[in-house]
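There are 2 protein chains.
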Amino acid sequence: MAEILAKALYNFDADVSAGELNFRAGDVLIIVNQDIGDGWWEARDGSHNTGLIPQAYVQLVDPPEPSFPPPPPPMASAPYKENYPYNGYGYQDSGGGRPGVLQHQQQSAEDWDDDWDDDDDDGSSASTGAGSSGAGSIQQELQGGGNFGLSQPNRDSKASISPPSDVSKYGTVKKSFSRFSTFAKAGGDAFLSGQISGNVPESDQIHILDSVDGPVWKPIDSPYTCTISSPKKESKLKGLKSFIAYQLRPSFTNIQVSRRYKHFDWLLLRLEEKFTCIPIPPLPDKAISGRYEEDFIEHRRKQLQRWMNRMVQHPVISQSDVFVHFLTCTDDKKWKQGKRKAEKDEYLGMKFFLTLNTPPNALSMGEVDGRMETFCKFVKNMDDNVRSLLNVCQDNRKKQQNHFKREYKKFGDGFKSLAATFSLDHSHGSRELTSAIEFTGETYNQIGDMFEKQPVKDLEPMMDELFEYKGVLSAFPEVLKLHEGTIGKAKECQRLQQEGKMAESEVQSQLQRADVVSFGTLAEINHFQKERVREYKAMMQNYLTEQISFYSEVCLCPK
Amino acid sequence: MAEILAKALYNFDADVSAGELNFRAGDVLIIVNQDIGDGWWEARDGSHNTGLIPQAYVQLVDPPEPSFPPPPPPMASAPYKENYPYNGYGYQDSGGGRPGVLQHQQQSAEDWDDDWDDDDDDGSSASTGAGSSGAGSIQQELQGGGNFGLSQPNRDSKASISPPSDVSKYGTVKKSFSRFSTFAKAGGDAFLSGQISGNVPESDQIHILDSVDGPVWKPIDSPYTCTISSPKKESKLKGLKSFIAYQLRPSFTNIQVSRRYKHFDWLLLRLEEKFTCIPIPPLPDKAISGRYEEDFIEHRRKQLQRWMNRMVQHPVISQSDVFVHFLTCTDDKKWKQGKRKAEKDEYLGMKFFLTLNTPPNALSMGEVDGRMETFCKFVKNMDDNVRSLLNVCQDNRKKQQNHFKREYKKFGDGFKSLAATFSLDHSHGSRELTSAIEFTGETYNQIGDMFEKQPVKDLEPMMDELFEYKGVLSAFPEVLKLHEGTIGKAKECQRLQQEGKMAESEVQSQLQRADVVSFGTLAEINHFQKERVREYKAMMQNYLTEQISFYSEVCLCPK
Numbered sequence: 001m002a003e004i005l006a007k008a009l010y011n012f013d014a015d016v017s018a019g020e021l022n023f024r025a026g027d028v029l030i031i032v033n034q035d036i037g038d039g040w041w042e043a044r045d046g047s048h049n050t051g052l053i054p055q056a057y058v059q060l061v062d063p064p065e066p067s068f069p070p071p072p073p074p075m076a077s078a079p080y081k082e083n084y085p086y087n088g089y090g091y092q093d094s095g096g097g098r099p100g101v102l103q104h105q106q107q108s109a110e111d112w113d114d115d116w117d118d119d120d121d122d123g124s125s126a127s128t129g130a131g132s133s134g135a136g137s138i139q140q141e142l143q144g145g146g147n148f149g150l151s152q153p154n155r156d157s158k159a160s161i162s163p164p165s166d167v168s169k170y171g172t173v174k175k176s177f178s179r180f181s182t183f184a185k186a187g188g189d190a191f192l193s194g195q196i197s198g199n200v201p202e203s204d205q206i207h208i209l210d211s212v213d214g215p216v217w218k219p220i221d222s223p224y225t226c227t228i229s230s231p232k233k234e235s236k237l238k239g240l241k242s243f244i245a246y247q248l249r250p251s252f253t254n255i256q257v258s259r260r261y262k263h264f265d266w267l268l269l270r271l272e273e274k275f276t277c278i279p280i281p282p283l284p285d286k287a288i289s290g291r292y293e294e295d296f297i298e299h300r301r302k303q304l305q306r307w308m309n310r311m312v313q314h315p316v317i318s319q320s321d322v323f324v325h326f327l328t329c330t331d332d333k334k335w336k337q338g339k340r341k342a343e344k345d346e347y348l349g350m351k352f353f354l355t356l357n358t359p360p361n362a363l364s365m366g367e368v369d370g371r372m373e374t375f376c377k378f379v380k381n382m383d384d385n386v387r388s389l390l391n392v393c394q395d396n397r398k399k400q401q402n403h404f405k406r407e408y409k410k411f412g413d414g415f416k417s418l419a420a421t422f423s424l425d426h427s428h429g430s431r432e433l434t435s436a437i438e439f440t441g442e443t444y445n446q447i448g449d450m451f452e453k454q455p456v457k458d459l460e461p462m463m464d465e466l467f468e469y470k471g472v473l474s475a476f477p478e479v480l481k482l483h484e485g486t487i488g489k490a491k492e493c494q495r496l497q498q499e500g501k502m503a504e505s506e507v508q509s510q511l512q513r514a515d516v517v518s519f520g521t522l523a524e525i526n527h528f529q530k531e532r533v534r535e536y537k538a539m540m541q542n543y544l545t546e547q548i549s550f551y552s553e554v555c556l557c558p559k
Numbered sequence: 001m002a003e004i005l006a007k008a009l010y011n012f013d014a015d016v017s018a019g020e021l022n023f024r025a026g027d028v029l030i031i032v033n034q035d036i037g038d039g040w041w042e043a044r045d046g047s048h049n050t051g052l053i054p055q056a057y058v059q060l061v062d063p064p065e066p067s068f069p070p071p072p073p074p075m076a077s078a079p080y081k082e083n084y085p086y087n088g089y090g091y092q093d094s095g096g097g098r099p100g101v102l103q104h105q106q107q108s109a110e111d112w113d114d115d116w117d118d119d120d121d122d123g124s125s126a127s128t129g130a131g132s133s134g135a136g137s138i139q140q141e142l143q144g145g146g147n148f149g150l151s152q153p154n155r156d157s158k159a160s161i162s163p164p165s166d167v168s169k170y171g172t173v174k175k176s177f178s179r180f181s182t183f184a185k186a187g188g189d190a191f192l193s194g195q196i197s198g199n200v201p202e203s204d205q206i207h208i209l210d211s212v213d214g215p216v217w218k219p220i221d222s223p224y225t226c227t228i229s230s231p232k233k234e235s236k237l238k239g240l241k242s243f244i245a246y247q248l249r250p251s252f253t254n255i256q257v258s259r260r261y262k263h264f265d266w267l268l269l270r271l272e273e274k275f276t277c278i279p280i281p282p283l284p285d286k287a288i289s290g291r292y293e294e295d296f297i298e299h300r301r302k303q304l305q306r307w308m309n310r311m312v313q314h315p316v317i318s319q320s321d322v323f324v325h326f327l328t329c330t331d332d333k334k335w336k337q338g339k340r341k342a343e344k345d346e347y348l349g350m351k352f353f354l355t356l357n358t359p360p361n362a363l364s365m366g367e368v369d370g371r372m373e374t375f376c377k378f379v380k381n382m383d384d385n386v387r388s389l390l391n392v393c394q395d396n397r398k399k400q401q402n403h404f405k406r407e408y409k410k411f412g413d414g415f416k417s418l419a420a421t422f423s424l425d426h427s428h429g430s431r432e433l434t435s436a437i438e439f440t441g442e443t444y445n446q447i448g449d450m451f452e453k454q455p456v457k458d459l460e461p462m463m464d465e466l467f468e469y470k471g472v473l474s475a476f477p478e479v480l481k482l483h484e485g486t487i488g489k490a491k492e493c494q495r496l497q498q499e500g501k502m503a504e505s506e507v508q509s510q511l512q513r514a515d516v517v518s519f520g521t522l523a524e525i526n527h528f529q530k531e532r533v534r535e536y537k538a539m540m541q542n543y544l545t546e547q548i549s550f551y552s553e554v555c556l557c558p559k
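In order, the protein sequences belong to chains A and B. Count the first sequence with full-length UniProt numbering and you get residues 1 to 559, in order. Count the second sequence with full-length UniProt numbering and you get residues 1 to 559, in order.
The following block holds chain A by itself, in its conformation from the complex (with noise of 0.2 angstroms):
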């Protein structure tokens, strides 16, 4: 099993009486067990000395969103990871960032996704071949070799140029400075002016409609779903590797396919270099340890499962030719032909607004302004509600497995002492009051144990779909600044025609193809808000639910 890694971020004095660690920033720390309570790690250092460092001086080395402020001192509440089940690797932050070097040494210690190259061995530098601008680096990045099967969401790579934090920092996207980097990296510039150019066959073509809240997504014709179940560890090459296979069944087929974490991660950069004003949620993250642990496993299996719903869901992600091979390729031959075929996708990045059938209506600037600062705001505001209130639920969490449960507790106990004090009395009349006493206690006692495993009913799946919307939210900005910049060179557009320096014509046709642009964003806006009602309405209902079944069995006990 590897070992977990740290890196010191700040100076520890430490108390080495109290069996304390000192340790330097910078440092480099193998962390031993994170099962210690109250913010503390146990940690061994190059000297291979042992003790107790405070965990929010360090980071682990596969590091999340470095760029985010420095956290808390020791004694603030610990983090979710500290009590889940799930030994953390559920709920790290999953923002920017790649992996540093220790992160990739570690990695190839692993013998994990080191054999996609065997499943692929027929050359697939062929495959970059018409990976277009802003696709093509991430294409280089995935031949370069060493982060296959990363869990790091590919946009997120590109965020660490401009991160989502930007949009934190500055309140809304106008103000960010790489506004127009990331919509020349995608080729903007090319596709308003026309210089790119596809007849996109009719079958291929995304429809976008008329709506009262604007445009939206054609509507899927025939909705289907996908269960993932059965997590297996298999083995190949005599046992020598090992890994988990995940059994998929689409509805609209009824026949298993088994996937490994590495398809779905191929399957990630796929989705995220073609739908270009689409935020793919990244995966969950990948195990770094004691990644066949079952509980592990099995939660993972259901953070996949809820990515994988939120995909079917999607009118245009879930009609797609290479989420359907995906989701359908038994065969060896025919999976390698998908892919290699996905791999040459021609419509990427500004080319996928090619693909895009739109209302014949031109968008009035003026009201596109409007809704797109409204929705910058909505994210930016919705991100840290998001991630105040997991803290809550975290906080909560901890709270009503431990305090709570122990205040309940110190009633039972103190109601059972009593009673077995007064059972000391045999008179006349004492003993119906004695047991009832005790019963008391009892009861106080079983509120303690319920408040312990409450969390698994009411918290835990609301952190689960607030974990996966920080998801979401996280793969927006890069979606709004790419809408942005297009917006900027449209804007660009008309004030070179009022000063005679562009030809109308010239202007009205970089304004039709800026349409197209907001077009599918404003589309995949009005599905992220129709879908946030209904997920939202449903956390929200369970929660509630599960809340009110929770205090009734309370008023119950006692009685």
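One or more hints might be untrue.
Intra- or inter-copy, both count: the list cannot distinguish identical chains.
To be verified - Derived pair list, reagent style DSS-like, types lysine-lysine, alpha-carbon separation capped at 25 angstroms:
hint, residue 1, residue 2
1, LYS333, LYS241
2, LYS336, LYS233
3, LYS470, LYS416
4, LYS233, LYS333
5, LYS470, LYS410
6, LYS409, LYS453
7, LYS537, LYS410
8, LYS457, LYS409
9, LYS405, LYS453
10, LYS399, LYS453
11, LYS457, LYS405
12, LYS409, LYS470
13, LYS409, LYS399
Just so you know, these hints were derived from the structure itself, not from any lab. Treat the numbers as computed from the prediction; the structure is a model and nothing was measured.
Got chain A sorted already, so can you dock chain B onto it with the hints?
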């Protein structure tokens, strides 16, 4: 307003830069603010330096139970009084220990109760006359002046020689080294040997009957109640002196009488010196300062009412001349006559047992031993239970009003922020969810407030009951020791008879007299147990009813 003084128990090396105040064990400090929280007070030393001090390091100068184990360090949960609206006067520990020198100094600086002799200027020294064994010294102390109106019950002054904590230390009274001293002081030898005697008129006799549970006090023929209402600030000497007058109205006369705290205190002394086998609970503590604050006055009225309820329900006390005099006398002259009569009462200490009219049968020494041993254990354990439950309540009360409330508020605020963000989206179907989440946020804030307000309904009544029992239980060990001494002496007589050193008739007569003490003590134990069952039943019922109604309300909230 008099200053609150405290004596340092330990050295404290302060962090002066953090506003703390240095002091050495034994220093006397003036407490200037008890509302700092987290176990800290603000204090001023003799050199007029002011700063924060750990509350647990000092002791207020009317020190509760100085022989108790040292208090926990300052990070431990704050005591009940810290947050109690009555500024902590309600729940000071009321165990043994006379007030120290400082207390007396402070007392003399007060105008409180120093007019006692005004009521009694006709030479109360005459009243020592008939004060028999055990009570004599108390009488002397009483006339010695300076402690009039102090809330420390008289029995506690005896307890400081053999304090209640002996029972805790030695498990049962059996092993207490002081068992004979209590007995001797009360005049036990003289009583058992028949040297003190008297012909108590039938009308003054107290009857003990047989029951299934053993000896019981003859029930009250006409039970009555007495309400204490309208504590009023009154003044005399043209407003130079002010005091609180409580209005008492016993149901059997329905005539209101006005009594001051010092009158209650005088009554307490009378009851303690007279009813040798009846534990008289202490009065609520007297205020040191701020005694005219409304909260405090009302709280003390409630505590006095509880004390009064216990007294009027007692079959012996409620029928006694001194008690009836206290409840009924409205005439100044008659008051003084009755007062003198009570102070001259002959049947105090062991002589009280001369007034008992017991069943004719002899008691089995073995049986009495067994019951007493069990009951000693009962008292010790219940005392522990009550104190520990009181701690649990105090702690829980604080947690509910702070931590629990905060937890629910955090959810409330989290949901409300989310709703505020969601309100940015005006798309179809979004508003319903937004207002539902807004409502949920409001609801969780309300639940937070409910947690804050709930203790008044369930925890505080329970704490009042527990606190009162702490007083009753603290008065029991003296009663039990007296009985233990009596039995010890009786056994000695039996031994002397076996050794031929004492005549059988003499032994029988001593055993008979010892039986009277056992009858009285057992009758009181049975009374205590009956009341205990009744009162704890009511306490638990109220607590659980309120708890159920609380959680039901929580359930109804989100609907």
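Structure-based check of all given hints:
| no. | hint | verdict |
| --- | --- | --- |
| 1 | LYS333 - LYS241 | within (22 angstroms within a copy, 106 angstroms between copies) |
| 2 | LYS336 - LYS233 | within (23 angstroms within a copy, 96 angstroms between copies) |
| 3 | LYS470 - LYS416 | between (46 angstroms within a copy, 18 angstroms between copies) |
| 4 | LYS233 - LYS333 | within (24 angstroms within a copy, 99 angstroms between copies) |
| 5 | LYS470 - LYS410 | between (38 angstroms within a copy, 19 angstroms between copies) |
| 6 | LYS409 - LYS453 | both (14 angstroms within a copy, 22 angstroms between copies) |
| 7 | LYS537 - LYS410 | between (37 angstroms within a copy, 20 angstroms between copies) |
| 8 | LYS457 - LYS409 | both (21 angstroms within a copy, 21 angstroms between copies) |
| 9 | LYS405 - LYS453 | both (10 angstroms within a copy, 21 angstroms between copies) |
| 10 | LYS399 - LYS453 | both (12 angstroms within a copy, 21 angstroms between copies) |
| 11 | LYS457 - LYS405 | both (16 angstroms within a copy, 22 angstroms between copies) |
| 12 | LYS409 - LYS470 | between (36 angstroms within a copy, 22 angstroms between copies) |
| 13 | LYS409 - LYS399 | both (14 angstroms within a copy, 14 angstroms between copies) |
In summary, this structure violates none of the numbered hints.
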